[in-house]
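Participant: Sequence:
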Amino acid sequence: MKKKQIVKIIFIFIIILTSFYLLKYFPPAEIRSKIESFGIYSPFVYVILFSVLPAFLFPVPPLALAAGILFGVIHGTIYTLIGAVINSTIMFFCARYTAKDFFENFIYKVTKKDLQKKLINENQKGLTYIFFIMRLVPLVSYNLINYLAGLTGIHYRNYIISTIIGIIPGTIIFLNMGDKLLNIKSIGFTVSVILFLLLTAISGVLLKIYLKKDKERANGNDNNSSL
154 MKKKQIVKII FIFIIILTSF YLLKYFPPAE IRSKIESFGI YSPFVYVILF SVLPAFLFPV
214 PPLALAAGIL FGVIHGTIYT LIGAVINSTI MFFCARYTAK DFFENFIYKV TKKDLQKKLI
274 NENQKGLTYI FFIMRLVPLV SYNLINYLAG LTGIHYRNYI ISTIIGIIPG TIIFLNMGDK
334 LLNIKSIGFT VSVILFLLLT AISGVLLKIY LKKDKERANG NDNNSSL
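Using our numbering, the letters of the sequence shown map in sequence onto residues 154 to 380.
In short, the hints are calculated from the structure, not lab data.
Be a bit skeptical, because a hint or two may be false.
[Claimed, not checked] With a straight-line cut-off of 25 Å between C-alpha atoms, the simulated DSS-like cross-links for lysine-lysine are: (1) 187 to 278; (2) 271 to 366; (3) 271 to 338; (4) 278 to 365; (5) 338 to 278; (6) 271 to 365.
Treat the numbers as computed from the prediction; the structure is a model and nothing was measured.
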(Lines of atoms letter the chains of each structure in order from A and count residues from 1; the text may use other names and numbers.)
(Lines give C-alpha, C1' and ligand atoms only; values in the text may rest on other atoms or scores of the structure.)
Protein backbone atom coordinates (compact mmCIF):
# COMPACT_ATOMS: atom_id res chain seq x y z
CA MET A 1 0.00 0.00 0.00
CA LYS A 2 1.36 3.41 -0.96
CA LYS A 3 2.27 5.94 1.70
CA LYS A 4 -0.28 8.40 0.29
CA GLN A 5 -3.09 5.85 0.65
CA ILE A 6 -2.08 5.10 4.24
CA VAL A 7 -2.22 8.81 5.09
CA LYS A 8 -5.71 9.04 3.56
CA ILE A 9 -6.96 6.06 5.56
CA ILE A 10 -5.56 7.50 8.79
CA PHE A 11 -7.10 10.90 8.01
CA ILE A 12 -10.53 9.39 7.33
CA PHE A 13 -10.32 7.29 10.50
CA ILE A 14 -9.49 10.41 12.55
CA ILE A 15 -12.49 12.27 11.08
CA ILE A 16 -14.90 9.43 11.89
CA LEU A 17 -13.52 8.85 15.39
CA THR A 18 -13.46 12.55 16.25
CA SER A 19 -17.00 13.02 14.92
CA PHE A 20 -18.35 10.36 17.27
CA TYR A 21 -16.44 11.83 20.22
CA LEU A 22 -17.56 15.41 19.58
CA LEU A 23 -21.20 14.45 19.11
CA LYS A 24 -21.04 12.52 22.37
CA TYR A 25 -19.30 15.22 24.42
CA PHE A 26 -20.93 18.20 22.70
CA PRO A 27 -24.48 17.09 21.80
CA PRO A 28 -26.26 19.89 19.88
CA ALA A 29 -29.01 20.12 22.49
CA GLU A 30 -26.47 20.81 25.27
CA ILE A 31 -23.96 22.94 23.37
CA ARG A 32 -25.05 26.17 25.08
CA SER A 33 -24.54 24.87 28.63
CA LYS A 34 -21.21 23.32 27.66
CA ILE A 35 -19.86 26.62 26.35
CA GLU A 36 -21.35 28.65 29.20
CA SER A 37 -19.62 26.41 31.76
CA PHE A 38 -16.25 27.92 30.77
CA GLY A 39 -17.24 31.30 32.20
CA ILE A 40 -15.07 34.22 31.05
CA TYR A 41 -13.32 31.90 28.61
CA SER A 42 -16.57 30.98 26.86
CA PRO A 43 -15.99 33.35 23.87
CA PHE A 44 -12.58 31.76 23.26
CA VAL A 45 -14.06 28.26 23.60
CA TYR A 46 -16.88 29.15 21.21
CA VAL A 47 -14.44 30.37 18.55
CA ILE A 48 -12.42 27.16 18.89
CA LEU A 49 -15.54 25.00 18.66
CA PHE A 50 -16.85 26.91 15.64
CA SER A 51 -13.41 26.62 14.05
CA VAL A 52 -13.20 22.85 14.52
CA LEU A 53 -16.63 21.22 14.90
CA PRO A 54 -17.96 21.92 11.35
CA ALA A 55 -14.96 20.03 9.91
CA PHE A 56 -16.40 16.93 11.55
CA LEU A 57 -19.89 17.57 10.13
CA PHE A 58 -21.23 18.98 13.40
CA PRO A 59 -24.45 20.95 12.71
CA VAL A 60 -23.79 24.70 12.67
CA PRO A 61 -27.25 26.14 13.61
CA PRO A 62 -27.08 24.96 17.26
CA LEU A 63 -23.73 26.74 17.60
CA ALA A 64 -25.08 29.99 16.16
CA LEU A 65 -28.21 29.87 18.32
CA ALA A 66 -26.08 29.24 21.41
CA ALA A 67 -23.87 32.22 20.53
CA GLY A 68 -26.93 34.43 20.24
CA ILE A 69 -28.10 33.44 23.71
CA LEU A 70 -24.67 33.71 25.35
CA PHE A 71 -23.08 36.70 23.61
CA GLY A 72 -25.86 38.64 21.89
CA VAL A 73 -25.99 39.61 18.23
CA ILE A 74 -22.97 41.94 17.94
CA HIS A 75 -20.35 39.96 19.85
CA GLY A 76 -21.82 36.67 18.66
CA THR A 77 -21.47 37.78 15.04
CA ILE A 78 -17.82 38.75 15.54
CA TYR A 79 -16.94 35.43 17.21
CA THR A 80 -18.86 33.45 14.61
CA LEU A 81 -17.18 35.18 11.65
CA ILE A 82 -13.74 34.52 13.14
CA GLY A 83 -14.58 30.85 13.59
CA ALA A 84 -16.15 30.65 10.14
CA VAL A 85 -13.03 31.98 8.40
CA ILE A 86 -10.87 29.46 10.26
CA ASN A 87 -13.06 26.40 9.66
CA SER A 88 -13.76 27.36 6.05
CA THR A 89 -10.02 27.58 5.45
CA ILE A 90 -9.32 24.24 7.13
CA MET A 91 -12.06 22.38 5.28
CA PHE A 92 -11.26 24.04 1.94
CA PHE A 93 -7.63 22.94 1.98
CA CYS A 94 -8.43 19.51 3.43
CA ALA A 95 -10.72 18.82 0.49
CA ARG A 96 -8.23 20.21 -2.02
CA TYR A 97 -5.00 18.66 -0.80
CA THR A 98 -5.78 15.98 1.80
CA ALA A 99 -7.82 12.85 1.08
CA LYS A 100 -9.28 14.48 -2.02
CA ASP A 101 -10.61 11.16 -3.36
CA PHE A 102 -12.53 10.56 -0.14
CA PHE A 103 -14.18 13.98 -0.23
CA GLU A 104 -14.98 13.66 -3.94
CA ASN A 105 -16.76 10.35 -3.39
CA PHE A 106 -18.68 11.74 -0.43
CA ILE A 107 -19.62 15.13 -1.88
CA TYR A 108 -20.57 13.89 -5.33
CA LYS A 109 -22.99 11.38 -3.82
CA VAL A 110 -25.05 14.18 -2.29
CA THR A 111 -24.88 16.76 -5.10
CA LYS A 112 -26.62 16.80 -8.46
CA LYS A 113 -24.64 16.04 -11.60
CA ASP A 114 -25.68 19.33 -13.21
CA LEU A 115 -24.20 21.24 -10.27
CA GLN A 116 -21.02 19.17 -10.39
CA LYS A 117 -20.58 19.88 -14.10
CA LYS A 118 -21.19 23.61 -13.65
CA LEU A 119 -18.73 23.88 -10.77
CA ILE A 120 -16.06 22.12 -12.79
CA ASN A 121 -16.49 24.22 -15.94
CA GLU A 122 -17.33 27.62 -14.40
CA ASN A 123 -14.87 30.55 -14.36
CA GLN A 124 -13.71 32.40 -11.23
CA LYS A 125 -16.42 35.05 -11.40
CA GLY A 126 -19.12 32.44 -11.80
CA LEU A 127 -17.76 30.24 -9.02
CA THR A 128 -17.55 33.18 -6.64
CA TYR A 129 -21.18 34.11 -7.36
CA ILE A 130 -22.37 30.50 -7.02
CA PHE A 131 -20.74 30.03 -3.63
CA PHE A 132 -22.00 33.44 -2.50
CA ILE A 133 -25.57 32.37 -3.28
CA MET A 134 -25.06 28.99 -1.63
CA ARG A 135 -23.84 30.77 1.50
CA LEU A 136 -26.95 32.95 1.51
CA VAL A 137 -29.32 29.98 1.45
CA PRO A 138 -29.90 29.01 5.10
CA LEU A 139 -31.07 25.52 4.15
CA VAL A 140 -27.89 24.53 2.26
CA SER A 141 -25.43 22.55 4.38
CA TYR A 142 -22.66 24.83 5.63
CA ASN A 143 -20.28 21.88 6.02
CA LEU A 144 -21.00 20.57 2.54
CA ILE A 145 -20.18 23.92 0.90
CA ASN A 146 -16.80 24.09 2.63
CA TYR A 147 -15.68 20.73 1.32
CA LEU A 148 -17.33 21.21 -2.07
CA ALA A 149 -15.44 24.46 -2.67
CA GLY A 150 -12.11 22.73 -2.15
CA LEU A 151 -12.90 20.33 -5.00
CA THR A 152 -13.49 23.13 -7.50
CA GLY A 153 -11.05 25.50 -9.15
CA ILE A 154 -12.15 28.56 -7.18
CA HIS A 155 -9.30 30.64 -5.80
CA TYR A 156 -9.04 30.68 -2.02
CA ARG A 157 -9.32 34.48 -1.87
CA ASN A 158 -12.55 34.49 -3.89
CA TYR A 159 -13.92 31.66 -1.78
CA ILE A 160 -13.25 33.40 1.53
CA ILE A 161 -14.71 36.69 0.28
CA SER A 162 -17.89 34.96 -0.92
CA THR A 163 -18.06 33.08 2.39
CA ILE A 164 -17.72 36.12 4.65
CA ILE A 165 -20.18 38.27 2.69
CA GLY A 166 -22.58 35.38 2.13
CA ILE A 167 -22.87 34.17 5.73
CA ILE A 168 -23.26 37.58 7.39
CA PRO A 169 -27.05 37.91 6.80
CA GLY A 170 -27.82 34.36 7.94
CA THR A 171 -25.44 34.62 10.89
CA ILE A 172 -27.10 37.78 12.18
CA ILE A 173 -30.55 36.23 11.77
CA PHE A 174 -29.64 33.00 13.58
CA LEU A 175 -27.87 34.88 16.36
CA ASN A 176 -30.86 37.19 16.80
CA MET A 177 -33.13 34.15 16.96
CA GLY A 178 -30.85 32.71 19.64
CA ASP A 179 -30.81 36.02 21.50
CA LYS A 180 -34.62 36.05 21.54
CA LEU A 181 -35.06 32.29 21.92
CA LEU A 182 -35.94 32.55 25.59
CA ASN A 183 -38.89 34.74 24.60
CA ILE A 184 -40.29 33.29 21.38
CA LYS A 185 -43.40 35.46 21.66
CA SER A 186 -41.34 38.63 21.35
CA ILE A 187 -41.42 40.85 18.27
CA GLY A 188 -37.68 40.36 17.83
CA PHE A 189 -38.02 36.59 17.48
CA THR A 190 -40.91 36.96 15.03
CA VAL A 191 -38.88 39.42 12.95
CA SER A 192 -35.98 36.95 12.86
CA VAL A 193 -38.23 34.19 11.53
CA ILE A 194 -39.62 36.53 8.86
CA LEU A 195 -36.11 37.61 7.87
CA PHE A 196 -35.07 33.96 7.66
CA LEU A 197 -37.89 33.27 5.20
CA LEU A 198 -37.07 36.43 3.22
CA LEU A 199 -33.40 35.46 3.00
CA THR A 200 -34.36 32.06 1.66
CA ALA A 201 -36.64 33.66 -0.94
CA ILE A 202 -34.07 36.30 -1.98
CA SER A 203 -31.33 33.72 -2.42
CA GLY A 204 -33.71 31.69 -4.58
CA VAL A 205 -34.39 34.74 -6.77
CA LEU A 206 -30.66 35.45 -7.14
CA LEU A 207 -30.09 31.84 -8.14
CA LYS A 208 -32.79 32.05 -10.82
CA ILE A 209 -31.26 35.27 -12.17
CA TYR A 210 -27.86 33.61 -12.38
CA LEU A 211 -29.23 30.51 -14.11
CA LYS A 212 -31.13 32.67 -16.61
CA LYS A 213 -28.03 34.70 -17.47
CA ASP A 214 -25.95 31.55 -17.65
CA LYS A 215 -28.44 30.00 -20.08
CA GLU A 216 -28.44 33.15 -22.23
CA ARG A 217 -24.64 33.12 -22.25
CA ALA A 218 -24.60 29.46 -23.28
CA ASN A 219 -27.12 30.10 -26.07
CA GLY A 220 -25.05 33.05 -27.26
CA ASN A 221 -21.93 30.90 -27.43
CA ASP A 222 -23.82 28.22 -29.37
CA ASN A 223 -25.08 30.81 -31.88
CA ASN A 224 -21.59 32.23 -32.35
CA SER A 225 -20.10 28.80 -32.91
CA SER A 226 -22.73 28.00 -35.54
CA LEU A 227 -21.90 31.11 -37.61
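Participant: Are the hints correct? Go through all of them and say.
Facilitator: Against the structure, the hints come out as follows:
{"no.": "1", "hint": "187 to 278", "in the structure": "41 Å, violated"}
{"no.": "2", "hint": "271 to 366", "in the structure": "14 Å, holds"}
{"no.": "3", "hint": "271 to 338", "in the structure": "43 Å, violated"}
{"no.": "4", "hint": "278 to 365", "in the structure": "16 Å, holds"}
{"no.": "5", "hint": "338 to 278", "in the structure": "43 Å, violated"}
{"no.": "6", "hint": "271 to 365", "in the structure": "14 Å, holds"}
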